[in-house]
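Peer 1: If you want the building blocks of each chain, they are given just below.
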Amino acid sequence: DAGVIQSPRHEVTEMGQEVTLRCKPISGHNSLFWYRQTMMRGLELLIYFNNNVPIDDSGMPEDRFSAKMPNASFSTLKIQPSEPRDSAVYFCASSFGELNTEAFFGQGTRLTVV
Amino acid sequence: AQSVSQHNHHVILSEAASLELGCNYSYGGTVNLFWYVQYPGQHLQLLLKYFSGDPLVKGIKGFEAEFIKSKFSFNLRKPSVQWSDTAEYFCAVRGGGADGLTFGKGTHLIIQP
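Residue numbers (this note's numbering), protein chains in the order written: chain A, 1 to 114; chain B, 1001 to 1113.
Don't take every hint at face value.
[Claimed, not checked] Here are the computed lysine to any residue pairs in the SDA-like style, where the Cα-Cα straight-line distance is at most 25 Å:
| hint | chain 1 | residue 1 | chain 2 | residue 2 |
| --- | --- | --- | --- | --- |
| 1 | B | 1071 | A | 107 |
| 2 | B | 1105 | A | 14 |
| 3 | B | 1105 | A | 107 |
| 4 | B | 1061 | A | 101 |
| 5 | B | 1049 | A | 107 |
| 6 | B | 1058 | A | 102 |
| 7 | B | 1105 | A | 66 |
| 8 | A | 24 | B | 1071 |
| 9 | B | 1049 | B | 1060 |
| 10 | B | 1105 | A | 73 |
| 11 | A | 24 | B | 1041 |
| 12 | B | 1049 | A | 102 |
| 13 | B | 1049 | A | 55 |
| 14 | B | 1049 | A | 51 |
| 15 | B | 1058 | A | 101 |
| 16 | A | 68 | B | 1001 |
[As the list claims (entries may be wrong)] If you want the footprint, here are the derived chain A segments under chain B, 3+ residues with CB under 8 Å:
| hint | region |
| --- | --- |
| 17 | 33–43 |
| 18 | 106–113 |
[As the list claims (entries may be wrong)] Computed, partial: chain B to chain A, Cβ under 7 Å:
| hint | residue |
| --- | --- |
| 19 | 1034 |
| 20 | 1044 |
| 21 | 1046 |
| 22 | 1049 |
| 23 | 1053 |
| 24 | 1105 |
| 25 | 1106 |
Calculated directly from the structure, the hints in this document are not laboratory data. All C-beta atoms in this analysis are idealised placements derived from N, C-alpha and C, irrespective of residue type, glycine included.
All chains should be modelled from the sequences, with the hints used to inform the complete structure.
Peer 2: Here is the structure:
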């Protein structure tokens, strides 16, 4: 398996533009996580899906952020409109089962909003 | 809600020194505990995990961690570090039910040759 695949790897966009980050989890995994990593706040869980259903989105910073998982093999994280403070590395991770399995991480998307 | 606290944000050691990174978690029920490592410019990779059984777990690259339930701790150890261990280390906890995987803020480890 190719692992968790994220695209793009790097994104530079202007403030106010819409940004869409994409994630393909490992085949067969039924849990998917979106994280944001910054120097100031470390690794923050934004949203967590189980069987394509959002279970916990309490980490989504504000209404500008939205995430979808239309099927078991694809998820998106959208920021509209983007702001400079959204600049961060966004990681997607997936796991199989619920409690006793580890999450596998993608390579991340480095987002820069200027 | 679950939470994770890592005591040291930055640790600098010389090669061959012993390492212990602290991790405490907060959760009332059964938990599963993880340590991940992030090498510069890379994604997170699993070092080791605890689900049940022997509280002393061994991971890759000579790392181990001990789960002490009474102290809500899961400290990471390595008897002799190498320059290649320079990385960010994250402790994580996953409880039951609707909880996702929660990470601590990480410890930046620098090993000086």
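Peer 1: Does each hint hold? Answer for all of them.
Peer 2: Structure-based check of each hint:
no.	hint	in the structure
1	B:1071 x A:107	violated, 34 Å
2	B:1105 x A:14	violated, 29 Å
3	B:1105 x A:107	holds, 19 Å
4	B:1061 x A:101	holds, 20 Å
5	B:1049 x A:107	holds, 21 Å
6	B:1058 x A:102	holds, 15 Å
7	B:1105 x A:66	holds, 24 Å
8	A:24 x B:1071	violated, 38 Å
9	B:1049 x B:1060	holds, 10 Å
10	B:1105 x A:73	violated, 29 Å
11	A:24 x B:1041	holds, 20 Å
12	B:1049 x A:102	holds, 8 Å
13	B:1049 x A:55	holds, 23 Å
14	B:1049 x A:51	holds, 23 Å
15	B:1058 x A:101	holds, 16 Å
16	A:68 x B:1001	holds, 24 Å
17	33–43	holds (count 5)
18	106–113	holds (count 3)
19	1034	holds, 6 Å
20	1044	holds, 4 Å
21	1046	holds, 5 Å
22	1049	holds, 5 Å
23	1053	violated, 11 Å
24	1105	holds, 4 Å
25	1106	holds, 5 Å
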